[in-house]
Amino acid sequence: MSAAAEVPFKVSVQEEELELLRKKLELTRFPDELDEAEWEYGVPLADLRRLVARWKDGFDWRKSEAEINALPQFTRDIEVEGFGTLNIHYVHQKSDVENAVPLLFVHGWPGHFLEVRKLLPLLTNGPAEQPSFHVVALSLPGFGFSEAPRKKGFASKQYAEVANKLMLSLGYDKYVVQGGDWGHYIAGYVATHYAHKHMVGWLSNYPLAPPPTFRKFPRLYVQHLVTPYSAREKQGLERMRDFRSKGSGYSNEQATRPQTLGYSLADSPAGLLAWIYEKLVSWTDGYRWEDDEVLEWVSVYWFSRAGPAASLRIYKENTDGLEKMADEDVEWTSIPLGYAYFPKEINQVPRVWLRTLGRVVFESEHEHGGHFAAHEHPEELADDIRRMFGKGGPGYGVVPGRTGYAAGHA
Amino acid sequence: MSNWARPFTVDVSDADLELLRKKLELVRFPDELQGADWEYGVPLEDIKRLTSHWRHSFDWRKAEAEINKFPQFTTDIEVDDYGALNVHYVHQKSTVENAVPLLFVHGWPGHFLEVRKILPLLTAASAEHPSFHVVAPSLPGFGFSEAPSKPGFAGYRYAELLHKLMLFLGYEEYVYQGGDLGHVLGVYVANAYGHKHLKAWHSNMPFYRPPSLLSNPLLFLELLTMPFNKTLSEQLSAATRFRKKGMGYYQVQATTPQTLGYSLADSPIGLLAWIYEKLYKAVDHYPWTDDEVLEWISVYWFSRPGPAANVRIYYELTGGNAHDLFEGTRWTSVPLGVSFFPGEPVRLPKSWAHLIGNVVFQSEHDAGGHFAAFEQPEKLASDLRKMFGRGGPAYRVISGKDGYA
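Protein sequences, first through last, are from chains A and B.
In terms of the working numbering, the numbers along the first sequence are unbroken and rise by one, the last being 416.
In terms of the working numbering, the numbers along the second sequence are unbroken and rise by one, the last being 412.
The shape of chain A in the complex, shown without the other chains:
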């Protein structure tokens, strides 16, 4: 299949869908709230009321849609072993630099393909002395405008297969990956199955990895025992502990009973809004969300091809219903691995642990930012990607013939 067989795609929500949304918003029944609850019990009522009112009257989906459609989007059928064909939606922006580095950007939950939006100009069309990238950002199966799997058991291996096949179908035999949240895990699995052969490097903004065991990583194990945690690492562990005890109820439910929760998210715009908005606020670092920004984000979920319930299943499938950790089957590979550390990220393990996933050659510490790094701090993340894969960087030239520079600059 050649890159020329790309099927252009434009988001085009049906008028009936918009009408249904409007009618539902009009009938919203709000709950009560405890006095001065603020964020203690979840999303404040005042925020929800304001956002629902805006969603109903004021937010202009067609305007958003037009802006989204300024991005070069496509779909193509990807055959997945045992699961038939899935129609996958993706953004594909090529750089003018012919030998730009092919980069696959993978989102997570409750993220989506638009998280790549601010990175695109920086990566594809940056200054000549910086490396350039051909960027592919897919909607994961079950998210955005990709089809969802129809059968049970579509898990990490399958997500990796889709990612790899997509890149190959675009003519990118070798490529690098950038991801956070599920994008981090999926990148790990793409590495596990396709390292060296196809995937040749990755940068994660999600510093989570299993602790080293003495059996598998004796040197790291000992290193962990004798190395005291840095102040940043201690803070990170605190944040993680906090997240685990107070902020991970959603993931427990999604990993065990996604369908039960799915009825709420499919049927109630206010319910879906609250469920996602909570993460947009609590996982970011003082990011000033505009109401329309939030509503556009949630609308992508509301109008998603498979519906919002489908997106939850990744938690159950990839952990086998909490029987195992999501990264349990990631194997260490020697392709260059880089980490970008943002202080408000929800999961942050000691840096020694991160070496159980791959050969860490690049680490970048930031003073601000949280979970949605590409959206909150695109400049910083783009800079990390450039430094890792650009001239003089530890990932320079990993894709043979595509070093990221125009002729005369390489």
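Please note that a few of the clues may not be correct.
Unchecked claim - Stretch-level coverage of chain B by chain A, calculated; a stretch enters the list once three of its residues show a Cβ under 8 Å from a Cβ in chain A:
hint, segment
1, 32 to 44
2, 153 to 166
3, 258 to 270
4, 325 to 336
Since the hints were made in silico from the structure, they are not lab data.
Where a beta carbon is used, it is the ideal one built from N, C-alpha and C, also for glycine.
Let chain A serve as the given structure and place chain B on it in line with the hints.
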């Protein structure tokens, strides 16, 4: 503030019924994986069938009329630091004047109507068994009781409210029956008012903190020898499975109840699925009819404070998941009866019931699940009669009220 028992009838407004009807008309269902059955949560086919029934066949007014056959009241109960909360309750006295006053407390996602089948059994007069005067409230935030408006309404506040309700009704001394959170609150009531007012109590979900070496050395040793004790292992592994797989709702409700609340308040099918999952999974082959399920859910949908208020109890009891449900309570010597039902998902090894209190009565059944009073009213009534009747371990715990004519 009304300090008298105002008779109450459930009377959902036409506007509320109309809003529900409109929402059901606009319902948007999710997709579902092929062959998912119950593996991912409530099956789509069940929700579609129930939704259709709710829209076209279920008659709320008929259900409402049946509910109103039970003697219901409201009264204001003053709770320290919270002011007066208007509490809704069923109060049925037996014809036996010296019947034993019994407080029946529901849990989540239960409600006051869980008492409906056991009520006639407990209040019935007979020479063969004791009778009870039964009080079955809607917990604050549930059914037709007001919800607290301030944060921090935790275990001892619920206990205070329940206790004061009994005092208000003239029952200085009383007994108590509960399962689910009704059991948890029983622990608090026993701690705060045990012996002086709460003379004995019964639980159909005997559950407490696991033993530690310091608090319960013998049981702790039992825990250590577990690999060699097959029955114990099996019981604990069933409990662990529930802990791992069935606790999503708990984690969400104990940490971000408000976020969940927007869905439960706004989507009838969202609320239906959230609760029906428990109704289906926690029972022992109970043949739920669609009408029964929809009536149950409707009580939540039409509840006075709305469906988001009730889930807060998990947050308040656990301090936002900072600790377990039993914070600040200890073992008490108040006589305790326990009944083990095979379908109860929250099961600990039977010997651990002694961690809760002074077990004077124990009963094991071969049928019945989590909603014991609703599924097996005869069995539960029989247990209470045995426990409190002549020759029973809690006979005459309340002087002058032995339950017989």
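### Message
I'd like to know which numbered hints this structure contradicts. Please list them from smallest to largest.
### Response
Of the numbered hints given earlier, the structure breaks none, since each of them holds.
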